[in-house]
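Q: Protein chains in written order, with UniProt numbering: chain A, 1 to 283; chain B, 1 to 287; chain C, 1 to 306.
Heads up, some of the hints might be wrong.
Each pair of labels, with its calculated beta carbon distance range [said to hold, decoys possible]:
no., chain 1, residue 1, chain 2, residue 2, range
1, B, Gln153, A, Lys37, 22 to 28 Å
2, A, Arg87, C, Thr160, 49 to 55 Å
3, B, Asn260, C, Ala119, 57 to 63 Å
4, B, Thr64, A, His158, 39 to 45 Å
5, A, Glu44, C, Thr137, 57 to 63 Å
6, B, Lys124, C, Tyr131, 49 to 55 Å
7, B, Gln73, A, Ala277, 43 to 49 Å
8, A, Asp245, B, Asn142, 30 to 36 Å
9, B, Lys124, A, Met159, 51 to 57 Å
10, C, Thr137, B, Arg84, 45 to 51 Å
11, A, Lys37, C, Tyr131, 55 to 61 Å
12, A, Leu33, C, Gly36, 49 to 55 Å
13, A, Leu33, B, Thr64, 22 to 28 Å
14, A, Ser188, B, Gln73, 37 to 43 Å
Simulated from the structure, these hints should not be mistaken for lab results.
Just so you know, even glycine gets a beta-carbon here, dropped at the ideal spot from N, CA and C.
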Amino acid sequence: MSDIKTTDTMLEVRDIKRDYELPGGFMKPKKTLHAVKGVSFKLERGKTLAIVGESGCGKSTLARMITFIDEPTSGDLIIDGKKMDTRPGHLTSDMRQKVQIIFQNPYGSLNPRQKIGDVLGEPLAINTDLSAAERRNRATEMLIKVGLGPEHYNRYPHMFSGGQRQRIAIARALMMNPKLLVLDEPVSALDLSVQAQVLNLLADLQDEFNLTYVFISHDLSVVRYIADEVMVMYFGEAVEYGTRDEVFSNPKHEYTQTLFKATPKSDVESIRARIAAKKASAA
Amino acid sequence: MSLLQIDNLTVEFETSTGWFRAVDGVSIKVDKAEVLAIVGESGSGKSVSMLAVMGLLPATAKITADRMLFEGQDIQKLSGSERRKLIGKDIAMIFQEPIASLNPCFTVGFQIEEVLRIHLGLDKKARRARAIELFKLVGLPNAEERMHAFPHQMSGGQCQRVMIAIAIACDPKLLIADEPTTALDVTIQKQILDLIMDLQARTGMGLIMITHDMGVVAETADRVVVQYKGRKMEEADVLSLFENPQSNYTKALLAALPENATGDRLTTVSAFFDGNPEPAPSAGASA
Amino acid sequence: MADATLTQKAAEPVSSAQMRRQMLKEFWFYFSENRGAVIGLYVFVALVLVAIFASLIAPHSPFEQYRDAVLKPPAWVEGGSWTFILGTDPIGRDILSRLIYGAQYSLFVGLVVTTLSLAAGIIVGVIAGYYRGWVDTIIMRLMDMILAIPSLLLALVLVTILGAGLNSAMIAIAVTLQPHFVRLTRAAVMAEKSRDYVTAARIAGASPLRLMFRTILPNCTAPLIVQATMSFSNAILDLAALGFLGMGVQPPSPEWGTMLAEAREFILRAWWVVTFPGLAILITVLAINLMGDGLRDALDPKLKRS
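Next comes chain A alone, as it looks inside the complex:
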């Protein structure tokens, strides 16, 4: 552990792998699916790494490993200078508190039968011995911080819009003062106008708490806006990894180039060019 310079590296992932065993049918052998095939990266404190890729590229599996939901098949996970023992049962609540995750679908990530106050209070109730009144205070504070109000404390999730629910999910993740936040497509289920609000909120919170983000997305325009570093994943491998400007100005891998080309362009010049091309072909 002493060989790692701990001062500002928040997260280091070394050659992490994850295989899934697919159950074979009758008389058929089991198959092994390599979801993540050896990914490594380092992320500085307070920075944002965006992981880009299409469905099935292993980006969500990577997120689940960083947040200890899934156990890596092999590889090391070093968080805040400490090598994590990811075997089930070896996780201390201290380690768990450092990393939190926010899911894509704000409709599935909140317990429908739990009041917002209880949603936010639950991590405190499990991990600390604060009194109920103290928990309530902290939850209310956090609600205000994410742009909601104390009057929402007693409501149920189904009374909120998608954007508000995502704010609640963010508030819940922040209750234990984590240092690293894994965001698994946090805005892709939201409307454009709400997406902007949530992205702004995330940026505000990052500044305030010096949070480190691992931001998983398929939307390149969002990535370009929010990321410091970008990693492109393709079939379980990191095919491109560098700073945002490097990746966007000079994509090296063929897949990255395809991805950029496929992204719709909404600038006026492209529209003008498209209309001109259409007129030319019609004539």
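Chain A is fixed; fit chains B and C onto it per the hints.
A: What follows is chains B and C alone, placed relative to chain A:
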């Protein structure tokens, strides 16, 4: 004469708290060979208005319109069977969830042949030949083999290709695409959009593209209708919409795009309304 | 849009009590859409009241034998009298009074059996659905075995082993009804377990016990409540059947099934001795089933919506 002309369409649903107005006095017009994009966020009524045209809303919905003309013929006055003949043949629709739009119990070949049988009355051999031809047209590899595949054996992009093949099977005059690429990956989205635009250019059908994605609008539309909470905010050709948006809402939407971010933070829609949550339609809407 | 709704609602803080009232109101809105369910509810409430106040309502003691009024027909039939509104049985007991006291048995058995089988079924079902694997296999095969035997037959066997009587009848019926709860709970838990909110609770450090019973279980209640009403009526039916076969509540207790059994030989001579206990069973079971339908309507869409 426009292909489809809807004047002052209003759709209401009954809920536990009274009548909810999903579409409020919207007028839409599409010409032959024109690509119209209807853009809006969830709850803007963009899909509901098109479902009303197709007659696909539940019977409890209250639909009123001054006119609903398809090639000069009022759809509202058609009987149920006349309307069914029109829909699926002259007006076709594709949906957001390609895998869910196909019946999982039947092969995709059976499903496309069913359409050909009902609307065109082709015999078995002709149906088969036409189905394979359509599959080739939408770029499905091994079209003959694909006929026997079930929807779950295909990827989302391939299922959407099948849906498109079914939609264009009867050479429709108008194709309504309801968020056709939202559930797909970026690279697949590109392929599907290219396919739809290519088919549109080749057949000269009218196309209504319903979407929430300004990028898709920019890549496909000739003309754009912007909707918000059931009302039309703005209507303009695509270039002037992006270059010089008229309504506050459109301005806000464009500013909220991450690629248009200027400072450290994004401009949010509410910042444009200054605490007035209901943006009024501006002059552009009546154009 | 999010901000718009926020500013509108900011003025009205909501307390827990208000929230509960609002949810109750919403529940009643959906429940009352179903007319049959509302009628079922009224009948059921009336039955409960009758059972509670049986000693006040009943015109006679259920055990008193009026030797001079054996097999009296109901009041409106020739030869009947208003002293015995629904007539008397072969040994001169008032049928109406016996029916009123019988409601106590039926409701008590329904309640106990449902509680027993619900509690056992939920615990076993949650464990099977949460842990899967061999635990699940063993539990479910055991349940399949119970389900493979006709329920009345199984209940009969169990009662024979335990000895006839009310207690053993209740245990026997609970055993035959419990697999339905296990299967239902297991299916619901399996569906809920993979949802993100469960993962979120796991990340927060929730123990398996907390995950199973605090996080997941409350989201599985809707189908269970519906099944509970159905097994309530099933329990009443089964008890009546056991009583009729002489293996349930023993005479002279005024249990409806037992009443039917006692009057078997008089069916042709005195129709009222079997008709009224039969009707009592029919109406009770029907009312509870209708109520269950309404509950399903009121609870299911809400579960899907959120």
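Q: Is it true that Thr137(C) and Arg84(B) lie within 45 to 51 Å of each other by Cβ?
A: 50 Å, holds
Q: Taking the Cβ atom of Asp245(A) and the Cβ atom of Asn142(B), is their distance within the range 30 to 36 Å?
A: Violated, at about 43 Å.
Q: Per the hint of 37 to 43 Å, is the separation of the Cβ atoms of Ser188(A) and Gln73(B) within bounds?
A: Check passed, 41 Å falls within 37 to 43 Å.
Q: Starting from the hint 39 to 45 Å, judge whether the C-beta atoms of Thr64(B) and His158(A) obey it.
A: Since Thr64(B) and His158(A) have Cβ atoms about 31 Å apart, the given range 39 to 45 Å is violated.
Q: State, for the Cβ atoms of Leu33(A) and Thr64(B), whether the hinted interval 22 to 28 Å holds or is violated.
A: 54 Å, violated
Q: Does the Cβ pair Lys124(B), Met159(A) satisfy 51 to 57 Å?
A: 55 Å, holds
Q: Measuring from beta carbon to beta carbon, are Leu33(A) and Gly36(C) in 49 to 55 Å?
A: 51 Å Cβ-Cβ, so the 49 to 55 Å window holds.
Q: Within 43 to 49 Å or not, the Cβ separation of Gln73(B) and Ala277(A)?
A: With Cβ atoms ~35 Å apart, the hint is violated.
Q: Holds or violated: the 22 to 28 Å window for the beta-carbon distance between Gln153(B) and Lys37(A)?
A: Hint holds: Cβ distance 26 Å, inside 22 to 28 Å.
Q: Would you say the C-beta atoms of Glu44(A) and Thr137(C) sit inside 57 to 63 Å of each other?
A: This hint is violated: roughly 49 Å between Cβ atoms.
Q: Look at the Cβ atoms of Lys124(B) and Tyr131(C) and judge whether their distance stays inside 49 to 55 Å.
A: 53 Å, holds
Q: Given the hint of 57 to 63 Å, check if Asn260(B) and Ala119(C) actually sit that far apart at their C-beta atoms.
A: 59 Å, holds
Hint violations for this structure: numbers 4, 5, 7, 8, 11, 13, all remaining hints satisfied.
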